[in-house]
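Chemist: For the protein sequence lines, the chains are A and B, in the order given. Heads up: the first sequence begins at 1483 in this note's numbering, then just goes up one per residue. Heads up: the second sequence begins at 648 in this note's numbering, then just goes up one per residue.
In case anyone wonders, no lab produced these hints; they're calculated from the structure. Note that the structure is predicted; figures quoted are calculated from it, not measured. Misleading hints may appear alongside valid ones.
[As the list claims (entries may be wrong)] Lysine-lysine pairs mimicking DSSO-like chemistry, simulated, CA-CA at most 27 Å apart: (1) A/Lys1734 to A/Lys1716; (2) A/Lys1607 to A/Lys1631; (3) A/Lys1662 to A/Lys1607; (4) B/Lys829 to B/Lys868; (5) B/Lys829 to A/Lys1507; (6) B/Lys829 to A/Lys1662.
[Claimed, not checked] If you want the footprint, here are the derived chain A segments under chain B, 3+ residues with CB under 8 Å: (7) 1508 to 1517; (8) 1584 to 1592.
[Stated by the list, open to error] Reference excerpt, derived from the structure (chain A facing chain B, CB under 8 Å, subset only): (9) Leu1610; (10) Val1653; (11) Leu1655; (12) Glu1657; (13) Tyr1709.
Beta carbons are placed, not taken as given, at the ideal position from N, Cα and C, and that holds for glycine.
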Amino acid sequence: MSDITLYHWEPNANSGKPMLALMEKGVVFNSHYIDMLQFDQHKPEYLAINPQGTIPAMTHGTRVLVESTAIMEYVNEEFAGPELMPANVEDRWRVRWWMKFMDQWLAPSFSMIGWSVSVGPMVRKRDLAELEAAIDRIPMPERRISWRKAIYGTFSEAEMAESQRRVALGVRLLEEELGKREWLASDEYSLADINGFNLAYALPLSQPHLSNDELTPNILRWLRAIYARPAVKKCWALGRTDMAKRVSILEKEHI
Amino acid sequence: MATVLYHGEPNGPSLSVLAALAETGLDIECRSIDLLAGERHSLPGLGETIARDMGIEGEGPVLVVDGEAMTESVFLAQYLDEKAGGVGLQPSDPYAHWEMMMWCRQITERLSPAAALLGNLKYSTPRLAETSDADFAVIGKNIVSDDLRGRWGLVRSGTTEEAQLADSRAKVVQSVERCENKLADGRDWLMGDFSIADLETYAWLAGMQLICPDAFGDAPKTKAWLARVKARPSVVAALARSTVADPLESWAPGPEINRWG
Ligand SMILES: N[C@@H](CCC(=O)N[C@@H](CS)C(=O)NCC(=O)O)C(=O)O
């Protein structure tokens, strides 16, 4: 029995970051699946761990940690195993810069599109009174608004267009950056790659007009190189929905 | 290695980085620029510009190392600490380090957009309103990011909604409350030992004393802590670089207010 428990949903976005970091370090942990689509993250048992009602969260002994990127940094510093931060100080800065840029600028736009085209429709089919009751249990007011928009499909055209603009620009910037070196932020595989893979692994499927072997060869090279890592295979095997299965697109020789 | 720190008046992110630099004792050339004149967007000798152009922080300082623009005040402070071989600005224990990073994230994600909105409305809007359309267009032309240019436009026009102002003031109040709670056990510094968290929090909160004085009414420990940070030799040295009467009145477009989760 490990004294580490990770509360996570699919290997995807924020949940997938600490999952993959733990796998890369070779840390044994208890996996506690939180079904986001059943609103497990707002149930009292989970709110006792993370009162914000968002996933992921990790417990290590009596310590409770939240915030996916910060958890990855903790995992890297606390446990033995391969180093996931470069030693060079400029490279370390670049890893942090790219993680913040992805977490705060690029990922929210990906996420808005994902909630609008997939999360919303998956949940919408259920009984509306039940859904309203579920929304009322969400602790953060901002999230209540987001869930309402997803369930009722009421994202404005302007906010969707802005998200699309950011995703298109972000893909271009990623492609340029990956043309400069082998990995995203340094010459070594790092937390920035783990973060970026969780954001972009299904990019050639979700945004085929923006990312494919012709348009973004560097992104595709990078995604395939990460997909080839044993830790990634182990991590994505913990997925239970079709969402995680999308990763197999990277097995195609030409996309 | 050619290294230059381009910074604005010692307030907000420029203050935290200048003070962090002074804490490390590193010998790095500092050049003061006029952020509200758009000078950050026409720096000489840049090869890699993405961090200057797309940084979340907005008009923060830019550290140029061998032509690469480096930004984001917390990460620059970490860089300087690590470059100097670790002068104690970050806890070495992984859990304490996580706590410090979480604290700084609260400040940069919640307090700094709110403080920047309030500070800019009060001090930058009048100045930019005096800038001619032609001069403002020149500044805008040099700004690569559409969303940052949009924030400049909002500052110049002074457009905000009452709800956003109220939300920003509430975030300042919450930040003061969080400080007061942290300091409740009588500690001198937010994380126990002095750290980047003190510099980053001070840098965004100090100016709020002029704008939201009521937020500090019931916060004696926070006020005493602000005075302690202000008296640190590194902060004194950073403030001495000011070229204006009161640097707390110097603001420039900051981070955006979260648009989604
Ligand atoms: N900044 C946090 C965000 C966590 C977060 O928002 N997670 C999403 C899933 S990727 C979530 O919990 N959504 C469900 C909800 O808000 O109800 C992190 O990186 O850990």
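Chemist: Report the numbers of all earlier hints that the structure fails to satisfy, in ascending order.
Modeler: 3, 5, 6, 7, 9, 10, 12, 13
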